[in-house]
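*Asks:* Residue numbers (the UniProt record's numbering), protein chains in the order written: chain P, 1 to 771; chain H, 1 to 614.
Keep in mind that the hints were calculated from the coordinates and are not lab data.
There could be a bad hint or two in this list.
Below are the DSS-like pairs computed for lysine-lysine, each with C-alpha atoms no more than 25 angstroms apart in a straight line [stated by the list, open to error]:
no., chain 1, residue 1, chain 2, residue 2
1, H, LYS285, P, LYS650
2, P, LYS632, H, LYS453
3, P, LYS632, H, LYS293
4, H, LYS285, P, LYS359
5, P, LYS87, P, LYS653
6, H, LYS60, H, LYS364
7, H, LYS133, H, LYS364
8, H, LYS8, H, LYS99
9, H, LYS173, P, LYS87
10, H, LYS325, P, LYS87
11, P, LYS67, P, LYS126
12, H, LYS120, P, LYS650
13, H, LYS133, H, LYS60
14, P, LYS378, H, LYS99
15, P, LYS265, P, LYS508
16, H, LYS328, P, LYS87
17, H, LYS453, H, LYS105
18, H, LYS391, H, LYS255
19, H, LYS391, H, LYS133
20, H, LYS173, H, LYS153
21, P, LYS343, P, LYS126
22, H, LYS60, P, LYS359
23, H, LYS120, H, LYS391
24, H, LYS325, H, LYS244
25, P, LYS449, P, LYS343
26, P, LYS117, P, LYS449
27, H, LYS128, H, LYS465
28, H, LYS255, H, LYS173
Cβ-Cβ distance ranges computed for the label pairs, FRET-style [claimed, not checked]:
no., chain 1, residue 1, chain 2, residue 2, range
29, H, ASP318, P, PRO726, 27 to 33 angstroms
30, P, ASP727, H, ILE125, 38 to 44 angstroms
31, P, PRO82, H, ASP318, 47 to 53 angstroms
From the three backbone atoms N, C-alpha and C, an ideal C-beta is built for every residue, glycine too.
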Amino acid sequence: MFSLKPPKPTFKSYLLPLPQSEDHITAEPRIKKLEPILLPGEIVVNEVNFVRKCIATDTSQYDLWGKLVCTNFKISFITDDPMPLQKFHYKNLLLGEHDVPLTCIEQIVTVNDTKRKQKVLGPNQKLKFNPTELIIYCKDFRIVRFRFDEAGPESAKKVCLAIAHYSQPTDLQLLFAFEYVGEIYHNPAKKVNGVDPGGGGGGSIGSASGQQTPLFETYSDWDREIKRTGASEWRVCSVNEGYMISTCLPEYFVVPSSLADQDLKLYSYSFIGRRMPVWSWNHPNGSALVRMANIKDVLQQRKIDQRICNAITRSHPLRSDVFKSDLDKCLPSIQEIQAAHIKLKQLCVNEPFEETEEKWLSSLENTHWLEYIRSFLKHSAELVYMMECKHVSVVLQEEEGRDLSCLAASLIQVMLDPYFRTIVGFQSLIQKEWVMAGYQFLDRCNHLKRSDKESPLFLMFLDCVWQLLEQYPAAFEFSEMYLTILYDSARISLFGTFLFNCPHQRVKESTEFAISKNIQLGDEKGLRFPCVWDWSLQFTSRDRLLFHNPLYIGKSAPCVQNGAVKTFKRSKKNYSSTLRGVPPALKNGIISDQEFLPRRNSLILKLKPDFLQQTESQSNSMEQYFRDWFTKPVDLHGVILPHISGTQIKLWKLCYFRWVPEAQINHGGFITAFHKVSLLADEVDMLNRNLRQYKSNSSLQGNCSELDHSRMYFRANGLNDTTGAPDFLSSSFPFSPVGNLCRRSILGTPLSKFLSGAKIWLSTETLANED
Amino acid sequence: MEHITTPKVENVKLLDRYTNRKAANGTLYLTATHLIYVDASSEVRKETWILHHHIASVEKLPLTTAGCPLLIHCKNFHVAHFVIGQERDCHEVYTSLLKLSQPVKPEELYAFSYNPKMSKDNREIGWKLIDLKVDYQRMGIPNDYWEITDVNKDYEVCNTYPPEIVVPRAANKATVIGSSRFRSRGRIPVLSYLYKENNAAICRCSQPLSGFSARCLEDEQMLQAIREANPGCAFMYVVDTRPKLNAMANRAAGKGYENEDNYDNIRFKFIGIENIHVMRNSLQKLLEVCETKSPSMSDFLTGLENSGWLRHIKAVMDAGVFLAKAVKDENASVLVHCSDGWDRTAQVCSLASLLLDPFYRTFKGFMLVTQDLTMFCFSLSRCGHLDGDPKEVSPVFTQFIECVWQLMQQFPCTFEFNERFLLEIHDHVYSCQFGNFLGTCHKEREDLKIFEKTHSLWPFLLQKKQELRNPLYKGFTAYKELQPNTLPFSFQFWCGMYNRFDKGMHPKQCVLDHLLSCMSQKMKLEDNKLRSVHDWSRKDAIRLFSVVVRGCKCPFSSSKIDFKKKKNFLALNESLHGPSPCGRTDSFFVSYAYLLNKNNKKNSVPFYGDHFNV
């Protein structure tokens, strides 16, 4: 059994600069000494010198020489050489330019040219040859390649084995976050980037906005959400405090006011994982969005279902019926999504460049990725229709209620509630519907690389949001860079946010860990890990500006409608203007295989006649709703619905192609428009500031500080700035594909065939046996 | 008009292809130039106008209970599905449209009857607006190596070339004439674009009459002269844009391609762009995909791939990129031909100059490029203006326009004009409303007296410049050469062209409109600023300023502000928030317009000030 206990650290870890100098972090001493920057608790486990990092596919002239280091957090390549060909590097404060976090590694392939051997390295494996080459396949579609021609063969081998070992830990507590937090608890002075790790708060992204992301760990966060959405017939329930009822639900959640704690306890036994129905969100018209697991107790099923639905009905101001959507029946399964993801990865990394490039579209079709995206968008939009137009509460039902329903619930809310299209709102949504709802990040992201439960649902969610962002760029406060970076952050094993299968697991595992490390927890429930929403841990305040979408029309923006000035405000009246009168005769409406639950005592059988006719009228009225919606001007602070025709669903190129040098458009791509609009937005801000100055009769001086506070990453030099785009802009900005993808071997080894032809992402078994 | 037997039919239904909405009911009118449908069922008067020249096909479908369906496909990808109550009416409309849409004589074309009430002088000025000779001057021609010659003034060298052509100085008249005898249809190598920075040139011609072994000394001299006109490079490229197989087949007919051994220092290369027949069929398949009602992801992607359309677009783009790279990176001159040098050659040369020279990405520059297409290469029969062989019709021009659009997608800030400018040009290539695209060549245009009898499109478009400009344009100097990515995934389906008339797929209100009206507003305001009033006190200005910028309630009584103007402003503002955006670039404009509008406020004070003092 392997233990994290270091064999006596050989490198002294030191602190990163203090918070004040956050923006001047460039002055690092590491370049000279070829030593890695280490975080608190990070240790070097192995290293090898005279390593060559391959940069270009067709030539070795750009290769870099340096030292390859494996720590318990990352693999790091340290070099004196500047990065060739690269004009821009978006710096993550936790990672060097050439670093890969261990949790981002998907597969490790060692190669020996002369012996014509290759092996996929698993944990605790032996390597019978000295590798001349190491290829790291990353989960974010990068491929990094090192050559050991001049390195000591034994040390090269050791580093490869160390990487294989450390990137595939056998236990959750061996993930770096634990070591890091342990170190912090022992030495509170050590704070990474000057931020208190796990300060509890959700962090803020802009220096100007001090807003914190609600984490929904506490009673009050839920209570505030109830009040914000006006869900007066719902209450926060503490029955799961200490995870007494369910270990995969949060400690606090929201239930119908009419259900007593005793009832809940009783009912909970019938649900898989004791995941009883919990509230997600309320429409201003009173319709609620509820998630629940399947009822395992067949005998009780009907009864419990009825009671729950009655309670939900009672919490609706109009006492409307409940519409249940069985997600397992109408959405792709997590296995299908995983299969699609694997194919997509293959397509984006290998196939665009092969001779079969004429088949690009059918290959894309063959992945089913876009098709699945479309089905999530479509289904969510249909449920939006139910809530918005039919005024019924929607219950998302799923086997365990913690996979597809995370995605569907959050998508519905993004479409319906403009708050979730702001940065803080979006983050709170992820906390609420993913982290707290028990989405199994550990298994689905496969941090321990042993799980057959891997599935990129979270990525699929981000992709769906990207589709909406693409269709309504002015409706979102964040940019596609933000979404991409968020996706990347799920694969840095420092943040507690994306590390666990559920909140309970964090408490349980970290308490165990704390005891084994003699950490006094005091009143705290488990260790507090750094939170991903503390973006200052990863990026300087200037770099965080890239998260902002210059096109976003914020809430403060005036909107003139019908000659009257109106500010965007979520007011009940505003929404429920559509709510006059009784909801349409819904009790007869039935959509395909889903069911409406009639109110107490009414028999489902009664609904059977006219079934076909009703189904038709239902889908007609839905179609009518969508059609009408699309013919009307869109209110960016109201509901947004996706276009779901095949022509409108696109591939998220920034996310999937950013590491592929061949896919870049130099000096082009959407970013150039982003740049242009940023300048304009900055000019407008500048005008506003000038105006404020005039208004307050203050002099021109003394306001320089305010002038420095631009919202925009790209700044205008003055009004009507006409300078062209910076030279470093390319379609993959702010990421740089240089050195990240070396498909073909320079030396013409068998590797070239191996890499371009072999379905390496698919069949590791066959390769593993080739040793 | 003698073809119109039934000028008006009532109770005609217009079906919406994309939705199950109840069909509109209305009246159909036939005029000399248009088919007009007036929707009587809706509250707002809604009219659909279809120009006869735009009609590509009219079909009478089998009789239904609702009436007799008439399906019209247009060249601008509009599809109209009418149902006419009486079979007899339907038949009469059908026969009329058949004749109206395909006039036999050129004189029947719309351009000869179109009368915008413009003075004779203005019309002549309009024709002089775009002058290829001015562009030659811009390229520095004549210079030491190139001259403009009138050797073709009587169309003796080549009757499909304009009278003035640019050839190397070193090529004397004998060489030119000798070479012309060795080129299909006498289309000798002439200059298309000169890259001033390194003297590398893009030239065009038709295929040589080489057969299996024929040689022509003058033609060899001609190529040598072109190569030597670029002293910076020891070789030149000769590019045959056809697939090799096609070119070889032509050898059997006594035509073919250059033998590298016979010409000094040429590098010969094939670029496989398919012929017009393949392209025509491909477009047909593409349109079938577009007509699929709410296609699934799989239907759409598979259909798009099977049509091959984007592959052909890519082939044209690849060729353009090859040319641009040869000129820019290798300093080499390029001679391009296909068979007759008027389809593929034209597309590729124009595209290459667009890639190389930012001037061609401006309004005027793009008009030149388009004009150049019509001058040298563009064949009337490709557009099917007149009743003729349907096999000669091909979407050559559509493809070129789409290539430009694809470039716009990759480089959203490099073009002065927007997508609508492309669509306008595309429409008018088929509309025959203006003389620019009539006739196969300059000679024919002179014979038809097009320059005397018809109007030029360009002044007409320039009038609408405000709504055709690209608000993201970063200016002439921001970008020089473009290096587009030509991997397959870089090519997108152009919804705005092929699904343009399918309302369900686009925002009802076009975002671009609002943005552009915003810009013209800004210009107006800037004009007004000059006339700004002096006694307008600063304090008041600022108060009003804040009203406009923050959008809060106006502190001034509305009676003092001209109501109409204010309403305009509000309407503008409203519309900015209104439209439901479709694509990213498109919806981009919403917020951009919003920002611009905000930005404009700095100028809006005097605008209000004018009225304030009234």
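*Asks:* Each hint should be assessed against the structure and marked as holding or not.
*Replies:* Okay, the hints, checked on the actual structure:
1. With a C-alpha separation of about 21 angstroms, the suggested pair LYS285(H) and LYS650(P) falls inside the 25 angstroms cut-off, and the hint holds.
2. Between LYS632(P) and LYS453(H) the CA atoms are separated by roughly 45 angstroms; this puts the pair beyond 25 angstroms, and the hint is violated.
3. Restraint check for LYS632(P) and LYS293(H): satisfied, since their Cα atoms lie roughly 21 angstroms apart, inside the 25 angstroms limit.
4. Taken as a hint, the LYS285(H) and LYS359(P) pair is honoured in the structure, with Cα atoms around 17 angstroms apart against an allowance of 25 angstroms.
5. Taken as a hint, the LYS87(P) and LYS653(P) pair is honoured in the structure, with Cα atoms around 20 angstroms apart against an allowance of 25 angstroms.
6. For a cut-off of 25 angstroms, the pair hint linking LYS60(H) to LYS364(H) is broken: about 43 angstroms separates their Cα positions.
7. Taking the CA atoms of LYS133(H) and LYS364(H), the gap is near 14 angstroms; set against the 25 angstroms cutoff, the hint holds.
8. Only pairs whose Cα atoms come within 25 angstroms are accepted, and LYS8(H) paired with LYS99(H) is accepted, the gap being roughly 17 angstroms.
9. Simply put, LYS173(H) and LYS87(P) have alpha-carbon atoms about 52 angstroms apart, too far for the 25 angstroms limit, and the pair is violated.
10. Between LYS325(H) and LYS87(P), the direct Cα distance comes to roughly 22 angstroms. Compliance with the 25 angstroms bound is thereby established for this hinted pair.
11. This hinted pair checks out: LYS67(P) and LYS126(P) have alpha carbons roughly 23 angstroms apart, not beyond 25 angstroms.
12. For a cut-off of 25 angstroms, the pair hint linking LYS120(H) to LYS650(P) is broken: about 51 angstroms separates their Cα positions.
13. Straight-line distance between C-alpha atoms of LYS133(H) and LYS60(H) comes to about 49 angstroms, which puts the hinted pair past the 25 angstroms bound.
14. For a cut-off of 25 angstroms, the pair hint linking LYS378(P) to LYS99(H) is broken: about 46 angstroms separates their Cα positions.
15. For the hint pairing LYS265(P) with LYS508(P), the CA-to-CA distance comes to about 22 angstroms; that is within 25 angstroms, so the pair holds.
16. Taking the CA atoms of LYS328(H) and LYS87(P), the gap is near 22 angstroms; set against the 25 angstroms cutoff, the hint holds.
17. For the suggested pair LYS453(H) and LYS105(H), the alpha carbons sit about 15 angstroms apart, so the restraint of at most 25 angstroms is met.
18. Distance check on the hinted pair: LYS391(H) and LYS255(H) sit about 22 angstroms apart at the alpha-carbon level, within 25 angstroms; holds.
19. This hinted pair does not check out: LYS391(H) and LYS133(H) have alpha carbons roughly 34 angstroms apart, beyond 25 angstroms.
20. The straight-line distance between the Cα atoms of LYS173(H) and LYS153(H) is roughly 13 angstroms, inside the 25 angstroms bound, and the hint therefore holds.
21. Straight-line distance between C-alpha atoms of LYS343(P) and LYS126(P) comes to about 30 angstroms, which puts the hinted pair past the 25 angstroms bound.
22. Taking the CA atoms of LYS60(H) and LYS359(P), the gap is near 37 angstroms; set against the 25 angstroms cutoff, the hint is violated.
23. Between LYS120(H) and LYS391(H) the alpha-carbon distance is near 38 angstroms, which puts this suggested pair outside the 25 angstroms criterion.
24. Among the hinted pairs, LYS325(H) with LYS244(H) is consistent with the structure: their alpha-carbon atoms are about 22 angstroms apart, no more than 25 angstroms.
25. About 19 angstroms separates the Cα atoms of LYS449(P) and LYS343(P), which keeps this hinted pair within 25 angstroms; it holds.
26. Distance hint between LYS117(P) and LYS449(P) is fulfilled; the C-alpha atoms sit about 24 angstroms from each other, no more than 25 angstroms.
27. Proposed proximity of LYS128(H) and LYS465(H) is supported: the alpha carbons are some 18 angstroms apart, at most 25 angstroms.
28. A hinted pair counts as satisfied when its Cα atoms are at most 25 angstroms apart, and LYS255(H) with LYS173(H) qualifies at roughly 23 angstroms.
29. Between ASP318(H) and PRO726(P) the Cβ separation comes to about 28 angstroms, which falls inside the hinted range of 27 to 33 angstroms.
30. For the hinted restraint 38 to 44 angstroms between ASP727(P) and ILE125(H), the CB-CB distance of approximately 42 angstroms keeps it satisfied.
31. Against the hinted window of 47 to 53 angstroms, the Cβ-Cβ separation of PRO82(P) and ASP318(H) comes to about 34 angstroms, which falls outside the hint.
Of the numbered hints listed earlier, those contradicted by the structure are 2, 6, 9, 12, 13, 14, 19, 21, 22, 23, 31.
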